[in-house]
Amino acid sequence: RFPLNAYSWEIPEGGGPLGINPLESAKRELQEEVGYAADEWTEFLQMDLSNSVTNERAVVFLAESLTFLGTSHEDTENLRLERLHFSTLYNQVLNGSIRDSISVAAVLKLATIRPDFLEIKK
Numbered sequence: 001r002f003p004l005n006a007y008s009w010e011i012p013e014g015g016g017p018l019g020i021n022p023l024e025s026a027k028r029e030l031q032e033e034v035g036y037a038a039d040e041w042t043e044f045l046q047m048d049l050s051n052s053v054t055n056e057r058a059v060v061f062l063a064e065s066l067t068f069l070g071t072s073h074e075d076t077e078n079l080r081l082e083r084l085h086f087s088t089l090y091n092q093v094l095n096g097s098i099r100d101s102i103s104v105a106a107v108l109k110l111a112t113i114r115p116d117f118l119e120i121k122k
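Okay, so the sequence shown: first residue is 1 according to the numbering used here, each after it adds one.
Watch out, some of these pointers could steer you wrong.
Pair ranges (Cβ atoms, derived) [as the list claims (entries may be wrong)]:
1. P17 to L118: 16 to 22 Å
2. A58 to A37: 28 to 34 Å
3. L118 to S52: 19 to 25 Å
4. F86 to V53: 27 to 33 Å
5. Y7 to E43: 25 to 31 Å
6. A105 to W41: 16 to 22 Å
7. E13 to V53: 17 to 23 Å
8. F117 to L23: 16 to 22 Å
9. D116 to T67: 18 to 24 Å
10. S87 to R57: 26 to 32 Å
If you're looking for bench data, these hints aren't it; they were derived computationally from the structure. Just so you know, even glycine gets a beta-carbon here, dropped at the ideal spot from N, CA and C.
Given only the sequences and the hints, what does the whole structure look like? Please build it.
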């Protein structure tokens, strides 16, 4: 991230113009950033990102039943993708190696409402 002069591990995220349904923006960002489309979408979190200086709002979705289509990164994006089990992602949030506010809030909320995601199935 440019303001931090550092790279940042984050869940797929991005914005969209006012008046566009946040779900449409989420679908576009998932495909652009990680190359997947999802058959099932569930909104599970809304949050104000910095309400003392901006009215920017985050709307977070869980995407399930994924199909890989291929990425289409923007020229300005320098992305490295890593696929993790949710329990690993959760531990990275807890140990502070993931610090992005949307990612932290989303992972903690999802762990609360879907604790089954933390289980490693054999």
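Verification of the supplied hints:
no.: 1; hint: P17 to L118: 16 to 22 Å; verdict: violated (36 Å)
no.: 2; hint: A58 to A37: 28 to 34 Å; verdict: violated (21 Å)
no.: 3; hint: L118 to S52: 19 to 25 Å; verdict: violated (33 Å)
no.: 4; hint: F86 to V53: 27 to 33 Å; verdict: holds (32 Å)
no.: 5; hint: Y7 to E43: 25 to 31 Å; verdict: holds (28 Å)
no.: 6; hint: A105 to W41: 16 to 22 Å; verdict: holds (18 Å)
no.: 7; hint: E13 to V53: 17 to 23 Å; verdict: holds (19 Å)
no.: 8; hint: F117 to L23: 16 to 22 Å; verdict: holds (21 Å)
no.: 9; hint: D116 to T67: 18 to 24 Å; verdict: holds (22 Å)
no.: 10; hint: S87 to R57: 26 to 32 Å; verdict: holds (29 Å)
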